[in-house]
Amino acid sequence: MNATTMDDIAVVGIGRTEFTRGSGRTTLGMAAEACRSAIADAGLTPADIDGIANFQAGDSHPGLAVARAIGVDQLSLCLDISGGGNQACAVVANAAAAVRTGQANTVVVYRSMNGRSGKRFGVATDNGSSPLAVGGEGQFNAPQGYMTPPQWMAMWTKRHQHVYGSTCEDLGQIAITQRRHAHDNPHAIKRELVDMDGYLNTRWVHEPLRLLDCTMEVDGAAAIVITSLDRARDLPQPPVVIHAGSESHGQGGSWDQWEDPTVMYSHYAAPLLWQRAGFGPTDIDFACIYDCFTYTVMAVMEDFGFCDKGEVGDFFSEGRATHGGDVVINPHGGLLSEGYIHGMNHHYEAVHQLRHHAGNRQVEGAETALVTAGAGPYGGALVYTVDA
Amino acid sequence: MEAVPPPQPLIDIDSHGFWNALADGRFAMQRCSTCRLFQHPPAERCNACGSTVAYEELSGGGEIFSFIVVRHPTVPGYLDDLPYVVALVELDDQPGLRIPTRLAGAEPTDVSIGQRVQIALVDLAGGNHTVAVFELAE
Numbered sequence: 001m002n003a004t005t006m007d008d009i010a011v012v013g014i015g016r017t018e019f020t021r022g023s024g025r026t027t028l029g030m031a032a033e034a035c036r037s038a039i040a041d042a043g044l045t046p047a048d049i050d051g052i053a054n055f056q057a058g059d060s061h062p063g064l065a066v067a068r069a070i071g072v073d074q075l076s077l078c079l080d081i082s083g084g085g086n087q088a089c090a091v092v093a094n095a096a097a098a099v100r101t102g103q104a105n106t107v108v109v110y111r112s113m114n115g116r117s118g119k120r121f122g123v124a125t126d127n128g129s130s131p132l133a134v135g136g137e138g139q140f141n142a143p144q145g146y147m148t149p150p151q152w153m154a155m156w157t158k159r160h161q162h163v164y165g166s167t168c169e170d171l172g173q174i175a176i177t178q179r180r181h182a183h184d185n186p187h188a189i190k191r192e193l194v195d196m197d198g199y200l201n202t203r204w205v206h207e208p209l210r211l212l213d214c215t216m217e218v219d220g221a222a223a224i225v226i227t228s229l230d231r232a233r234d235l236p237q238p239p240v241v242i243h244a245g246s247e248s249h250g251q252g253g254s255w256d257q258w259e260d261p262t263v264m265y266s267h268y269a270a271p272l273l274w275q276r277a278g279f280g281p282t283d284i285d286f287a288c289i290y291d292c293f294t295y296t297v298m299a300v301m302e303d304f305g306f307c308d309k310g311e312v313g314d315f316f317s318e319g320r321a322t323h324g325g326d327v328v329i330n331p332h333g334g335l336l337s338e339g340y341i342h343g344m345n346h347h348y349e350a351v352h353q354l355r356h357h358a359g360n361r362q363v364e365g366a367e368t369a370l371v372t373a374g375a376g377p378y379g380g381a382l383v384y385t386v387d388a
Numbered sequence: 389m390e391a392v393p394p395p396q397p398l399i400d401i402d403s404h405g406f407w408n409a410l411a412d413g414r415f416a417m418q419r420c421s422t423c424r425l426f427q428h429p430p431a432e433r434c435n436a437c438g439s440t441v442a443y444e445e446l447s448g449g450g451e452i453f454s455f456i457v458v459r460h461p462t463v464p465g466y467l468d469d470l471p472y473v474v475a476l477v478e479l480d481d482q483p484g485l486r487i488p489t490r491l492a493g494a495e496p497t498d499v500s501i502g503q504r505v506q507i508a509l510v511d512l513a514g515g516n517h518t519v520a521v522f523e524l525a526e
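Which chain is which? The protein sequence lines are A and B, in order.
Take the first sequence: its position 10, counted from the start at 1, is 10 in the working numbering, and no numbers get skipped.
Take the second sequence: its position 67, counted from the start at 1, is 455 in the working numbering, and no numbers get skipped.
Chain A with its partners taken away, still in its complex shape (with noise of 0.2 Å):
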């Protein structure tokens, strides 16, 4: 055991919903089934449960309301982040750390949403005053009719073209390959092939990105179950392995005030995980890189050096992001097209590929994953390994 790795922690199960536009459910009833779907599959029952951990934006039933619809009675782990997909990392790393200080011994992690058919984080939101009152650092910007993420998004984006020549066709590289690999994946909720034509012609949202360059908003819940390795041995399903992650949250979260756009949280994870984990980027054998937008994807892949600063567009046109090339990127079609589980389904989808289950899209041998969370100012990643 190395003291900056998590070697000797592992996920053991995985499980969720269908992901769809509109659930006609509760986040609890989700996250409920998402949850004991997991601990099914991890070969326990919810009494071998003795932690919860979720993130959410206060958008969702909390941890000790899921654990009662599972049948936990007891909680020794009770774990709520606040915040959207930049914890999803952060929610796993700190299961773990968890486990491995002995505060539980497997923990079952979670994220339900009503992302399309509830709160919608591309929606000015309706806190139910009229007119709409915003507080904190949206009370300056919104009077300005700007006040979303793909707003401030396409902010971020203009200025990494301005600087780097960066095209809205290396945007769409990257949205016509996830969509690719999402065509082989009957969870995703898009999976119609596109070509770069089609990509162009899609509706702008907030010049430069267009409509197919934004996040797919879904209904739905991922779990996933962490415990000690030591226990993951005696358990059904191969291990996964949390190798090594770090996080970076910065500028007080300001979408405004960061210092330069054309990089992201990633610019400062990106060493430290490279650091602890004892590898680089070429190590790598897929990538579930967080991608609320094609954008967050470019400037990620930058900073964590899979590619040159301007790059990635020709890294993705030249087959390098996918099956045969360096390293598949989101081998499941991504936030962009499996859906907006806000990253927890990037979890999932690293434990499926490194049990080697992934079917007609697994990534062949595949026995590293990087996972990241989060864009902009904020985020954390992860390292998953096979058991060795």
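Errors might be hidden in some of the hints.
[As the list claims (entries may be wrong)] Partial chain A-side listing against chain B, Cβ under 7 Å, derived: (1) LEU132; (2) THR148; (3) ASP256.
[To be verified] Partner residues aside, some chain A positions facing chain B, computed with beta carbon under 7 Å: (4) GLN139; (5) ALA142; (6) GLN144; (7) TYR146.
Think of the hints as simulated: they come from the structure by calculation, not from any bench.
In this text, a Cβ means the ideal position worked out from N, Cα and C, and glycines have one as well.
Got chain A sorted already, so can you dock chain B onto it with the hints?
Below, chain B alone, put in the same frame as chain A:
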């Protein structure tokens, strides 16, 4: 379409001076009494050194650091104004000090990064607040 007012600021104790200054016709941000850094968004104390801060008027000039063309109906009060340009303006008063702002009177094709802009104050519909927008400099 029904006329819906744009979002209104939910003003707090720290931001009171920002909005009060605008109402008096001045574009001001907090400045540290000790290290002299401007900061935005506001806080009770200087982010950098913890000293007291006071609102100080800015020059009102700046440069377009980045910009977007808003085309999808998103924000109440602006649904009938599409497309419009929002620019992230870097203010002359301090490197890296930025504010996102509508670019008043600018056609999307007129705008590019690096252009000089100048402040203009306008009333915000639906309440009694003044907001700082920017215009392309002559």
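We went through each hint and held it up to the structure:
Restraint check, LEU132/A versus chain B: the minimum CB separation of about 4 Å is within 7 Å; hint holds. A hinted interface residue such as THR148/A counts as satisfied when its beta carbon comes closer than 7 Å to some beta carbon of chain B; here the least separation is about 6 Å, so the hint holds. Restraint check, ASP256/A versus chain B: the minimum CB separation of about 5 Å is within 7 Å; hint holds. Hint on GLN139/A holds. Least Cβ distance to chain B is approximately 4 Å, under the 7 Å limit.
For ALA142/A, the shortest C-beta to C-beta distance to chain B is roughly 4 Å, which falls under 7 Å, so the interface hint holds. Interface restraint check for GLN144/A: the shortest CB-CB distance to chain B comes to about 5 Å, inside 7 Å, so the restraint holds. The interface hint given for TYR146/A holds, since its Cβ lies 5 Å from the closest Cβ of chain B, which is under the 7 Å cut-off.
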